[in-house]
Amino acid sequence: MALTLLLAGAALFLIPFLWMFSSSLKPEYEIFAVPPQLIPNPPRWANYPEALTFVPFGRYMLNTLFISGVTIIGHLSSCTVVAYAFARLRAPGRDALFLVVLATMMLPYPVTMVPLYILFQSLGWVNTILPLTVPAFFGSPLYIFLLRQFFLTLPTDLEDAARIDGANTAQILWYIMLPLARPALATVALFTFQATWNDFLAPLIYLHNPQSYTVTLGLQFFRTSYTTNWAYLMAASLVTMLPMALVFLLAQRHFIKGITLTGMKG
Amino acid sequence: MVRRSVSRREALTFYLCIAPWLAGVLFFVLGPMLVSLGLSFTRWDLLSPPSFVGLRNYQRMLNDPLFWQSLKVTATYTLLYVPTELIGGLSLALLMNQRLPGIAVFRTIFYLPSVLSGVAFVVVWMWIFHPEAGLLNVALAYIGITGPRWLTDPHTALSALWMMSLWGLGRAAVIYLAGLKSMPKELHEAALIDGATPWQTFRYVTLPLLTPTIFFNLVLSLITTFQTFTSAFVATNGGPLDATLFFVLYLYQQAFERFSMGYAAALAWVLFLIIMTLTLLVVRSADRWVYYEGARH
Chain D
5 MALTLLLAGA ALFLIPFLWM FSSSLKPEYE IFAVPPQLIP NPPRWANYPE ALTFVPFGRY
65 MLNTLFISGV TIIGHLSSCT VVAYAFARLR APGRDALFLV VLATMMLPYP VTMVPLYILF
125 QSLGWVNTIL PLTVPAFFGS PLYIFLLRQF FLTLPTDLED AARIDGANTA QILWYIMLPL
185 ARPALATVAL FTFQATWNDF LAPLIYLHNP QSYTVTLGLQ FFRTSYTTNW AYLMAASLVT
245 MLPMALVFLL AQRHFIKGIT LTGMKG
Chain C
44 MVRRSVSRRE ALTFYLCIAP WLAGVLFFVL GPMLVSLGLS FTRWDLLSPP SFVGLRNYQR
104 MLNDPLFWQS LKVTATYTLL YVPTELIGGL SLALLMNQRL PGIAVFRTIF YLPSVLSGVA
164 FVVVWMWIFH PEAGLLNVAL AYIGITGPRW LTDPHTALSA LWMMSLWGLG RAAVIYLAGL
224 KSMPKELHEA ALIDGATPWQ TFRYVTLPLL TPTIFFNLVL SLITTFQTFT SAFVATNGGP
284 LDATLFFVLY LYQQAFERFS MGYAAALAWV LFLIIMTLTL LVVRSADRWV YYEGARH
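Respectively, the protein sequence lines represent chains D and C. Heads up: the first sequence is residues 5 to 270, going by our numbering. Heads up: the second sequence is residues 44 to 340, going by our numbering.
Please keep in mind that the hints were generated in silico from the structure rather than gathered at the bench. Fair warning: this is a prediction, and the values are worked out from it, not measured in the lab. Ideal placement from N, C-alpha and C gives every residue a C-beta, glycine not left out. Careful, some of the hints might be misleading.
Label pairs and their calculated CB-CB ranges [claimed, not checked]:
hint : chain 1 : residue 1 : chain 2 : residue 2 : range
1    : C       : L109      : D       : N172      : 54 to 64 Å
2    : D       : L111      : C       : Q243      : 48 to 58 Å
3    : C       : M226      : D       : A166      : 33 to 43 Å
4    : C       : F245      : D       : Q215      : 50 to 60 Å
5    : D       : L22       : C       : W205      : 14 to 24 Å
6    : C       : G81       : D       : V38       : 54 to 64 Å
Away from chain D, derived, C-beta distances all over 12 Å, residues of chain C [claimed, not checked]:
hint : residue
7    : V96
8    : G97
9    : D107
10   : P108
11   : R150
12   : P197
13   : R214
14   : K228
15   : E232
16   : A239
17   : Y247
18   : D285
19   : S328
20   : R331
Excised from the complex, chain D in its bound form (with noise of 0.2 Å):
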């Protein structure tokens, strides 16, 4: 029983990638022929080099790896110090300061959007990749939230023992903590990739020149151009959804990790 519905679920959430792979390799005569073929005979795999030749899909997948690297730079710099010292330090004001993290990880980003596109505009920052990357320096507060979840796991002993041998908190961070949060630093990388690999609104705020787009900004560009060919435009989604899925499928455990983390113990 269990057993049927597991598969019949399968099917179904497998179906959309199976037509999308199939419709990627027809050729434009054969997309719209009703009862649709659903195994191309042949398969036009040039559909592949074609569709991403019309628009400059490497060079959108290398500015989206860019931002994603830099976003992740800044994540795990800022958000880790930030959240040990959530996790660790005392100090007056700090639970006070730790509501106005929860708060600010539900405020939504439309609310400010407005305003940081004019604070953006003032410095002159628009048409770069600068608002979609400094603020990761400032912290995250979900990954904020997630690591500081994180570090109260840890046991404090090793800590203890470091601080009685005289180690400072930077040297303690460094050269205990780090090491034994890399679990939980590999699930803020990959969330963030995530979050950069799949974000539309933020860049399409601030890109405006097709030389910088990202993989998202590219795929919409090149679907209101060419929205006749679903063809390539079905290969070309294929082709932005690969690196994605297959970050996912290599690091599985730590998006479980990471969602574990943030829900369980909120």
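Starting from the structure of chain D, add chain C where the hints point.
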């Protein structure tokens, strides 16, 4: 004396460590929010200097049919999506929690689409919903039904977006699965010994223990659903006949297509107040239905 200076140093270190975040909150959150409150009392097109108009932006909202339409669309969609996410996500999680060989493969399949959200996710579904050659209408034709025009028909466009979002159910399911996995086994064993049926065990043991997870996911899903943007922008751009004009899409259009920055700022504040109110309502209701195990002792 010595101890006091140590703890003062600790406090200093703490504030030093959180300084970047504190600066970020001031510059990128609180500052902008105050600026946008100020802006919401002005008319500003980014070119000429802003002019003070008092409450006129808020008055304009009351008489703006598109504002009401965007609220209606967003509320309808939220009412449609949040319960399906709860029931669908939970059912999927129960399936994923079965002890069967190869279950990890199923989990991957269910979770995969939800990490792929973005434009490509939407584009695939636009093709599935294609009125003539799309998979859905072709399949419906096989059983003798002429499918609607989905995304291009004002009566079905919002439902189509809802169906599309179901492909991302895996995200909620994984959260529920984590909740199921962390449950103590003894209670289920006790229920089994007492002769409870599977349904009774689910209803009186599993479900109450899962309420904190449901609560967490409900808050998350309310907040994210109210921000729906990409699917509406890419698939329908708010159409046909404004049937999918989501609130954030309308906000985007006012700010970045018409450059009515003052009106957009007012809309953003209204969005903020709505989401805050909804979240507070859910949090308030938590006492009645969320069961915290620790609270018994």
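Hint-by-hint comparison with the structure:
1. For C:L109 paired with D:N172, a C-beta distance near 58 Å keeps the hint of 54 to 64 Å intact.
2. For D:L111 and C:Q243, the Cβ-Cβ distance of about 41 Å falls outside the hinted range of 48 to 58 Å, so the restraint is violated.
3. Separated by about 36 Å at the C-beta atoms, C:M226 and D:A166 satisfy the suggested range of 33 to 43 Å.
4. Here the CB-CB span from C:F245 to D:Q215 is close to 55 Å, well matched to the stated 50 to 60 Å.
5. Here the CB-CB span from D:L22 to C:W205 is close to 22 Å, well matched to the stated 14 to 24 Å.
6. About 58 Å separates the C-beta atoms of C:G81 and D:V38, a value consistent with the hinted range of 54 to 64 Å.
7. No Cβ of chain D approaches the Cβ of C:V96 within 12 Å, the least distance being about 16 Å, so the stated non-interface status holds.
8. For C:G97, the shortest C-beta to C-beta distance to chain D comes to about 19 Å, beyond the 12 Å cut-off, and the non-interface label holds.
9. Non-interface status of C:D107 relative to chain D is upheld: no Cβ of that chain comes within 12 Å, the nearest being about 17 Å off.
10. With a cut of 12 Å on Cβ distances, C:P108 stays outside the contact zone with chain D, its closest approach being about 21 Å.
11. For C:R150, the non-interface assignment is contradicted: its Cβ lies about 8 Å from the closest Cβ of chain D, within the 12 Å cut-off.
12. Interface exclusion of C:P197 from chain D stands, the closest Cβ pair being 20 Å apart, more than 12 Å.
13. Look at C:R214: its CB is around 8 Å from the nearest CB on chain D, not clear of 12 Å, so calling it non-interface is violated.
14. Distance check on C:K228: its Cβ is at least 17 Å (rounded) from any Cβ of chain D, clearing the 12 Å threshold; non-interface status holds.
15. Once the 12 Å rule is applied to beta carbons, C:E232 is consistent with being away from chain D; the minimum gap is 20 Å.
16. For C:A239, the non-interface assignment is confirmed: its Cβ lies about 19 Å from the closest Cβ of chain D, beyond the 12 Å cut-off.
17. Distance check on C:Y247: its Cβ is at least 21 Å (rounded) from any Cβ of chain D, clearing the 12 Å threshold; non-interface status holds.
18. At roughly 18 Å from the closest C-beta of chain D, the C-beta of C:D285 stays outside 12 Å, upholding its exclusion from the interface.
19. The non-interface label for C:S328 is consistent with chain D: the shortest C-beta to C-beta separation is roughly 16 Å, beyond 12 Å.
20. C:R331, annotated as away from the interface, keeps every beta carbon of chain D farther than 12 Å; the closest lies near 19 Å.
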